[in-house]
Structure formats: C-alpha cells, structure tokens
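S.K.: If you want the building blocks of each chain, they are given just below.
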Amino acid sequence: MKARNKLLTQEVTIIIVNMILGVGTIGLPSSLAKTAGPDGIICYLAAVALYFVGTVLIIWLAQRFPNQGLADYSSYLLGSVLGFVFNLVFALYMISVVSAVVRRFAGITKIFLLQRTPLEAIIISMLFAASFLTRNGLEPIARSCQILLYIFFIPFLVTPFFIPVFDLGEFLPLFQSDFVTIAKGAFNAIFALAGIEVMLVLGSHAENPRGLMRPALLGISIVSALILVLIVLAFGSLSVSQTAKLTDPVFEMFKFIPVPFSIFERIDIFIFTVWIASTYSTIVIGLFTASHHLAEMFNLDSGKGFVWPICVAVYFMSLIPGNEFEVAEYSNVLVFMWLFLVYGIVPLLLIISLFRKPPDPGRQKRSSKQKRRKQKKQTRETTGGAVS
Amino acid sequence: MTMSRNSRCLPITLIMISLLAAGCWDAKDIDQRSFVMGVAFDLNDTDDTLVMTVEIPVLTSFATQTQSSSDARSLIAATTGTSVTQMATRFETRTWREQFFGHTQCIIIGEDLAREGILPIIDYFDRNPRIDRRLTLFIAQGEAGQIFHVKNPIESLISIALNQILNTLTNTTRVVKRSFQESLRDLESNGDTVLPRVRGTETEVVIAGGALIKDYKFVAWLGENETRAVAFLYNSISGGVITVNVDNILYTYALRSASTSIKPMLKDGLLSFKIKVRSEGDIIEAFHKGPGGTTNFDLPKIEAKLNQVVEEEIRHLLAKLQDFKADPIGFDRLVYRHNPKYWNEHAADWKEQVWPQARFEITAEFNIRRTGILEQVTVYESKE
Chain A
1 MKARNKLLTQ EVTIIIVNMI LGVGTIGLPS SLAKTAGPDG IICYLAAVAL YFVGTVLIIW
61 LAQRFPNQGL ADYSSYLLGS VLGFVFNLVF ALYMISVVSA VVRRFAGITK IFLLQRTPLE
121 AIIISMLFAA SFLTRNGLEP IARSCQILLY IFFIPFLVTP FFIPVFDLGE FLPLFQSDFV
181 TIAKGAFNAI FALAGIEVML VLGSHAENPR GLMRPALLGI SIVSALILVL IVLAFGSLSV
241 SQTAKLTDPV FEMFKFIPVP FSIFERIDIF IFTVWIASTY STIVIGLFTA SHHLAEMFNL
301 DSGKGFVWPI CVAVYFMSLI PGNEFEVAEY SNVLVFMWLF LVYGIVPLLL IISLFRKPPD
361 PGRQKRSSKQ KRRKQKKQTR ETTGGAVS
Chain B
1 MTMSRNSRCL PITLIMISLL AAGCWDAKDI DQRSFVMGVA FDLNDTDDTL VMTVEIPVLT
61 SFATQTQSSS DARSLIAATT GTSVTQMATR FETRTWREQF FGHTQCIIIG EDLAREGILP
121 IIDYFDRNPR IDRRLTLFIA QGEAGQIFHV KNPIESLISI ALNQILNTLT NTTRVVKRSF
181 QESLRDLESN GDTVLPRVRG TETEVVIAGG ALIKDYKFVA WLGENETRAV AFLYNSISGG
241 VITVNVDNIL YTYALRSAST SIKPMLKDGL LSFKIKVRSE GDIIEAFHKG PGGTTNFDLP
301 KIEAKLNQVV EEEIRHLLAK LQDFKADPIG FDRLVYRHNP KYWNEHAADW KEQVWPQARF
361 EITAEFNIRR TGILEQVTVY ESKE
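Heads up: the sequence lines are chains A and B, in that order.
Residues 1 to 388 in the working numbering are what the first sequence spells out, letter by letter.
Residues 1 to 384 in the working numbering are what the second sequence spells out, letter by letter.
The following block holds chain A by itself, in its conformation from the complex (with noise of 0.2 Å):
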C-alpha cells in the first residue's frame, strides 16, 4: 500500500512541534540567562511573540498557494533565473539547519554519553537512523513524529511536581535591561524556536491548506509553551546564575530531581532518551524538506533520491567547525538566515503574489499527472498492454 502523501489537520501540529523541539531547546536557558538574566523571560516572550509573526507571514504565503510548494511558486514570482537562485539557495539553508543540528546533538552527546565515542561516528548513526525514516515519505514521518510526541509530554507533565528546590525569587528583578540586550537575547532564542519554515515546503502537503493557520499557530503555541516551562524550571531550580554558567543546564536540572523510592538512581539518561528523540525528528523533518524541496525544483515526484546525497553534504558541513564556539557562530548564522528568510524574503514574495495574481492552484499538479499519464499510455501501446 502506497502511503498518504498528504498531512491531516493534526499533523501539521505534530511535524512543527517536532521540528522545533530538539537540540536549541536545552541550551536555551543558559543563552537567556547568560544575556539577560532574570529578564531572559522577557527575551523568550520577545522571540515568541517575533516568532509568531513569522509563522503567520509563513502561513499566508503558503495559504495563497494551495497545493503547490515553495520551488513552484517562488520560481512563478520571482522569474526561473531568480527563484531557481532562490530555491537552491533554500535548499542549502534547511541542509545547513540539519549539519547545525547534527553537529550539536553530536557534540552534547558526546560531553554527557559517548565520551570515547568519535564525533564522525555519531554524526554517521544519527543520519543513518534518520535517512532510513525520511526516505519512507511524510506518512510515516508524521506517524513516527506523533508517537515521539507522546514520549516528549511525559516529562514535561512529571517534571514541575519533582523539581525539590525552586526558588521564585529568581525571577526578579524583571525588566532591568535595556532593549539592546532584550533583542541580543530574543535573537538567541530564535534558534531554539527556528523551524516553522519546513511549513514553506510541507504547507502544500496539508490536507486542508486553506485551515493551515489554525493548527500552525496551535503547534507554535503548545511548543512555546513547553519550551517556556523548561525555562522556568530551570530558572527557578538551578537559580540564574548557575544556568547562565552551564552550556546545558535542562540535563543538570533532571540530574537533581530525586527519583521517588529509589526506583532508579539516576533519570537522567531516560531524559537523554527524550532528547535525542526529539533530535532525530528534528533531523527527520529536517532531510525531508530539503530532500523534497529539491524534488520539487527539479520536477521530480519524490525527494527519495536526494535524501542519501544531502546526508553525504551533512556530515560534511557538520565537521566543518574545529569546537563548540565555533558551533554557536554557525548557529548565529543561521538566525540570520532565519530573520533574513522570514522577515524579508517571506514578506517580499507576499507582496509581489498580490500584484501576481496566484496560478490556478493545482494545475502544476494537474499538468504533470497528465504527462504521467501520457507516458503510461505510450508504455502500454509498446508493450501490447502489459504494465510491471
């Protein structure tokens, strides 16, 4: 049976809380409270709030052209020459978004699990597990994407009662930085929070493009949310100052929570569990946009065949930084490419769509199942009727 190449209304949550939770989410609060201390809160409600704004500038783009993805109407609106720059342009942003992750989620599992462990041979098994996952199509991926999100929320619904110290006096004094800092530090969290922008590709795969809004803010909310709650904790229990000082100080904070009558001595690694979960489905949806986007530039029916090649181009770029700070540049870069693709490409293609007006949607779609058609009657003329 050939599986479902459409995302239900449910899905769409599913894949961007997916995409968004993962590596960013754990050293979030250190970058906030190292920037702007207790006032970190305030930075992360800055991002959120910027964060929306892209995501529903995201939306109506994608909103205008159901059933078509970004490398068909961006080539529509900017010309073939300009939106084919574009595209590819696109593709290598979401193929570096992926090396940032897999680098990151190598380096921290090699400081917390696998010390001994070589940096390429993590990265290898990470792309090897998610290559496997992504080739099977969006179907299997949101499946995988659904079940992983069950295992996410357990933590963050147990956590809060367990935490044994939290101190809310950390939170003040609020709004005692300037607006340097407050942006300084929403632009960290951008990072964390990145990841709406799969919507651009995947937006055409929603059963009901036109109620895309809805369950996309929801999945912005829910993931704002979740990440607000591991802020606050870890605020409040390892105390300001101290989140500032670790590189990851989520995975410290569930190493200090006593486990009720001793079942285990430490749950940290079942945290660890969660995260690289969180991680691979990050990298999952990740592949499969790039590896589709390009797809869909080249006309192709399936981003199968691109997925082995962008995998090779990952491991590479992720080896391209010699240590960790070099890691967080890289990662800057990314926001800027971000900020730059949200705020300026995204808006930009709004606005030429409303002087061009948007194609009949579906003829792209229509036109190449013809030509598929076509060639299936000219195969069946040649081969006297038998089809393989």
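The set of hints was computed from the structure by calculation and includes no laboratory data.
Possibly wrong hints are sitting among the right ones.
Selected chain A positions facing chain B (Cβ under 10 Å, derived; list incomplete) [to be verified]: (1) I111; (2) F112; (3) P173; (4) F256.
Glycine included, each C-beta is placed from N, C-alpha and C at the ideal position.
With chain A held as given, fit chain B onto it using these hints.
M.R.: Using the frame of chain A, we list chain B on its own:
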C-alpha cells in the same frame, strides 16, 4: 522484483544500523570501573601539593554472601598532585579500572585546605558532566582523608554512611543539609555558604555544626545552635527538636513544619530585613528533675519561650555573620531582587559596608498543636 530488492536491502540495513548505531567505543562493563564513592582533599604536610584520598568499594566483597572479618569492603587510596585532574589520573598508574565519579556521594575538604580556598577543588566536579549533583560537600575538622579510615564495625563504606547520616540528621536540625547543587548555587551568587562539618574518631564519624565559607574560603566554625539558626534562615528545616526550660521543666518541642520569610525593607536609605519564622509542632517530652506535681501545660508560656530562644539564636548568628562580613544566607540576592536600584548603587561595597550595618526585625511564631497523648505534666513529687 521490488519485493526481492527490499528483502535484500533490509538485512544489510539492519546490519549497518546495528554496527553503526551501537556506539561500541564507550562500552564499559561494570567490573571495569572503580566507583569512587567518596573523595577527600587535604594539604600535603611536606610540600605545597594536595593529597587526594578516594574510597572505592570492593564490589566482589559485596557480591558474596559469606563475609569474613578480614575481607576489606573498601579500598582507600591516596595520591598527591597539584590539581584534581592530575591526582585523579595518577590513580591510573595503580589500577586499570577507570575512576568513575558518577556515583560519588561526598566530597570532603580538609580544614587547612579549605582555609586556602575550595574553588579550585570544586571546579573539577562542577565541570564534570557525570557528577551527581545531589552529593554533599563537607568540611572536615582536621584531616579529610582520615575520615575514610574510620573503622566503623557497622558501616562498610564511610561515604555511604555520611550520606545516610545526613539524611536522617534533619531530625536534629543541628546540621545544614545542602546538596552540591545548592552549595554551588550559594557560592556562585556571592562566594559564601555554610557547609556541614564532619569529624572522625577511631570508630565513628560525626556530622554536627557547620563551616562558614566566605569568598570560597573557610573562615569559622559554627556551633550546633548557630547551624540550626542557619537552617531556619535557609528555610530547609523539615523536622527536629528544640528543648526549652519553662519553670524548671524541660519541654521538648518536635518541629513538624517550619518556614521562614525574609523581606528587605528600605526606609530613609536605611536597610533592614524583616525575618519571620513560623513553626508548628508537638510537645513530645516534659523533663523534670526536682519536686513537682501534676500541672497543666502552660502552652502560651512554652510558645513564648520557644519564640524567644529561636529569635535569640538567629540574632546571635546574624551578628556573627556581620562580624565576619559574610553573607551565606543570600541577603544580597534579596536586596537585588526587591530593590535593584539600591543594589546597583551599593553592590560594590555590600560585604564591607552595607551588610555589617544592616538591621533585623526578627519574629518567631511557634504553635504547639499537640502534647502527645497526655494532657498534663506529671512530675515526681517528693515526700520529704
């Protein structure tokens, strides 16, 4: 055609996954590790190096049911060096088993070394991702390494015993129970904290009182009553007893709950702190030596005495802390949180000038809920 290709690919894929995703580089069996349960640090008497002593359980002795008295349950090893990492790696010349600090229960720092500073010691553990942050940091009265040499016939491992004692000691309230995480939280705020004091005799270890740390250096011991006052101010009391003398009868009050609120007040540029201690508990004993009779409990009087005792203990402790210009409770954090403008103006001279001048308004409110299953105080009445 497609099926056969898939059936060929699947085993290859599974083999590749099992080979690549297994992460075998880090495979380490349990018997290939030395589980360091406790670490102690001292100054070296002969030169300016440090001495690191570790307590490692002999796992085979725990596995066997039959145990002879000569079988050692733990290995105590010591080495010298100039940094913690250097000393930890030097153990590798003696054992092929990797030193594993993931289950370490306590870090003990000797008094003399603590006077020079504890920051260089704790940095190694703070940085180590495998450390369990629930462990406890102790300051030893005397040599820290000697604590592990205590021969307690009941306890197999001193590190575990220390941890267990500390967990049950909350019932005496004469020790501050702070995890490594909580101690770091205090230290990173202003460099000051109170750590539990440990000392060892030939056959037992004793945890009582506290060590006052100022700017990461040990500066003074705190007595058991002073430590109780610290516990009240840390808001970390979950039980314990307080005995007060009312009309020559010693009443023992068992704390069932206690909470402390501290509020900074700024009036006409003068800083003061309003400290309010609330507690509920029971009278569990009325101890009387001299002649007496049967009397009713004078609960308001006992409560007033309890209030007085605790207020005085806290006042005495705060005066001592002000003398040492140390702020382990974190009054500075409260000022920063509630009066950030005032804090920004006085942050630089907080410990030297502002903190020693601070005033306190201390009130205690103890409530006796029960008096056991007796309603009256019955004491021996002399016939003479």
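S.K.: Check each numbered hint from earlier against the structure, then list the numbers of those it violates in ascending order.
M.R.: Structure breaks no hint.
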